[in-house]
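Starting from the given sequences, assemble the full structure and let the hints guide the process.
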Amino acid sequence: MPSYLFWLFATLMLIGACAVIAFRNPVSSALAMVTSFVGLAALFIGLSAFFVGVIQILVYSGAIMVLFLFIIMLLDLKDEKKRSESYVPLIGGLVLVGVFFIQLIGVLSNNEDKAGSVLTKATLAAAAGDFKDGTKINVALSGGNLPDVHLIGHTLFTQYNLPLQILGVLLLVATVGVVVLSKRQTN
Amino acid sequence: MPSLNDYLLVSGLLFSIGLAGVVLRRNIIIVFMCLELMLSAANLSLVAFSRFNVAENGLPSYDGQMLVFFVIAVAAAEVAVGLAIIVALYRARQTIHTDELVTLKG
Numbered sequence: 001m002p003s004y005l006f007w008l009f010a011t012l013m014l015i016g017a018c019a020v021i022a023f024r025n026p027v028s029s030a031l032a033m034v035t036s037f038v039g040l041a042a043l044f045i046g047l048s049a050f051f052v053g054v055i056q057i058l059v060y061s062g063a064i065m066v067l068f069l070f071i072i073m074l075l076d077l078k079d080e081k082k083r084s085e086s087y088v089p090l091i092g093g094l095v096l097v098g099v100f101f102i103q104l105i106g107v108l109s110n111n112e113d114k115a116g117s118v119l120t121k122a123t124l125a126a127a128a129g130d131f132k133d134g135t136k137i138n139v140a141l142s143g144g145n146l147p148d149v150h151l152i153g154h155t156l157f158t159q160y161n162l163p164l165q166i167l168g169v170l171l172l173v174a175t176v177g178v179v180v181l182s183k184r185q186t187n
Numbered sequence: 188m189p190s191l192n193d194y195l196l197v198s199g200l201l202f203s204i205g206l207a208g209v210v211l212r213r214n215i216i217i218v219f220m221c222l223e224l225m226l227s228a229a230n231l232s233l234v235a236f237s238r239f240n241v242a243e244n245g246l247p248s249y250d251g252q253m254l255v256f257f258v259i260a261v262a263a264a265e266v267a268v269g270l271a272i273i274v275a276l277y278r279a280r281q282t283i284h285t286d287e288l289v290t291l292k293g
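As they're listed, the protein sequences go chains A and B. Per my numbering, the very first residue in the first sequence carries number 1; after that it's consecutive. Per my numbering, the very first residue in the second sequence carries number 188; after that it's consecutive.
Be aware that one or more of the hints could be misleading.
What the hints assert, rightly or not - Cβ pair distances, simulated, as ranges:
1) Leu-108(A) with Leu-291(B): 33 to 41 Å
2) Lys-292(B) with Glu-112(A): 46 to 54 Å
3) Tyr-87(A) with Ala-229(B): 45 to 53 Å
4) Arg-213(B) with Lys-121(A): 49 to 57 Å
5) Lys-132(A) with His-284(B): 53 to 61 Å
6) Thr-155(A) with Lys-292(B): 44 to 52 Å
7) Ala-279(B) with Val-54(A): 36 to 44 Å
8) Ala-229(B) with Gln-159(A): 28 to 36 Å
9) Leu-172(A) with Ala-279(B): 44 to 52 Å
Unchecked claim - To spell it out: a stretch of chain B is covered by chain A in this simulated footprint if at least three of its residues, at any positions, have a beta carbon under 8 Å from a beta carbon of chain A; those stretches are:
10) 190-199
11) 218-226
12) 229-238
13) 259-267
14) 285-293
To be verified - If we take Cβ atoms under 8 Å as the criterion, some of the chain A residues that face chain B in the derived model are:
15) Leu-14
16) Ala-17
17) Ser-36
18) Leu-47
19) Val-52
20) Leu-104
21) Ala-115
22) Ala-127
23) Phe-157
24) Leu-171
25) Ala-174
Since the hints were made in silico from the structure, they are not lab data. Where is the CB? At the ideal position from N, CA and C, for every residue including glycine.
What follows is the structure, encoded as structure tokens:
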């Protein structure tokens, strides 16, 4: 990804994130959040993580933010009123964030930087030998393309099979939990 | 080409903004959205590490992206449960402002 595109999408993402905490109206905040997530998905795609970029859009901007908007409209929230001024939490919060940010700069300036590398057709074709002849991954790699989704599926169902099953159980538990929580209590 | 530190810096900034939102805002739904922002910031670092840590065969190392996949799935479950709790809270107390939820305050 060229540098100017990186900074463009990074700025879009950060402005969206700032807008989330700056807006008084929760619906505006939710829409700012969608902007932020679209910028983030673009960064993922720039890192050649196409699958993660697409599920970022589908799951976060699609499903999760629609759920947020649904709840905001269900509860019929009004704009947040101007609070009676108390500066202690505000200053405390900003100091906390400032300290975190200074720490981050300190770590990054001591950290050895790693330059980006391009996935050339030659490196991709060389990696094709690790996969069985005639499989989709092998064919795509030999042609100089990165079969991102196939590689993720391959890793997921070979090395990460047990965590995947556990994740399925977790989602089931969450679904049951939500049904129990939202059932109206009857005496 | 942006370097690894550029990605980590942007990710750290996003995390700071999310943290600021959690500390500063009083609307519990916005606090919840800021939690999602912080999770996404972690995802960005993970994908950057995955892309910059090239495996032996020259492909990106996919372990980081697996973790991102699991984080996104857990975040989806978390949002579903969290929003159900917020709705239950609103039914019980008719407010979602953290200033007015002081029952546990000593």
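Restraint satisfaction for Ser-36(A) [CB to CB of chain B, less than 8 Å]:
7 Å, holds
Is the interface hint satisfied for Ala-174(A)? The criterion is a beta-carbon contact with chain B at less than 8 Å.
4 Å, holds
Given that the stretch 285-293 of chain B was listed as covered by chain A, double-check it with a C-beta distance under 8 Å for 3 or more residues.
n = 1 at 8 Å, threshold three: violated.
Is the distance from the Cβ of Tyr-87(A) to the Cβ of Ala-229(B) consistent with 45 to 53 Å?
31 Å, violated
Between the stretch 259-267 of chain B and chain A, are there enough contacts, at least three residues with CB-CB distance under 8 Å, for the coverage claim to hold?
Contact hint for the stretch 259-267 of chain B vs chain A: holds, 9 residues under 8 Å.
So the hint says 53 to 61 Å: do the beta-carbon atoms of Lys-132(A) and His-284(B) match that?
At roughly 59 Å between Cβ atoms, His-284(B) and Lys-132(A) fall inside 53 to 61 Å, so the hint holds.
Given a hinted range of 44 to 52 Å, is it respected by the beta-carbon distance of Thr-155(A) and Lys-292(B)?
48 Å, holds
Given a hint of 33 to 41 Å, does the C-beta separation of Leu-108(A) and Leu-291(B) actually sit inside it?
39 Å, holds
With a Cβ-Cβ cutoff of 8 Å, does the stretch 229-238 of chain B contain at least three residues near chain A?
Our answer is that it holds, as 6 residues pass the Cβ test (under 8 Å) against chain A, meeting three.
If you take the shortest Cβ to Cβ gap from Phe-157(A) to chain B, is it below 8 Å?
Hint on Phe-157(A): violated, closest Cβ of chain B at ~11 Å, above 8 Å.
For the stretch 190-199 of chain B, count the residues whose Cβ lies under 8 Å from any Cβ of chain A; is that count three or more?
holds (count 9)
Please verify the coverage claim for the stretch 218-226 of chain B: does it have three or more residues whose C-beta sits within 8 Å of some C-beta in chain A?
Holds: 5 residues of the stretch 218-226 of chain B have a Cβ under 8 Å from chain A.
Of the numbered hints given earlier, the model fails hints 3, 8, 9, 14, 23; all others are met.
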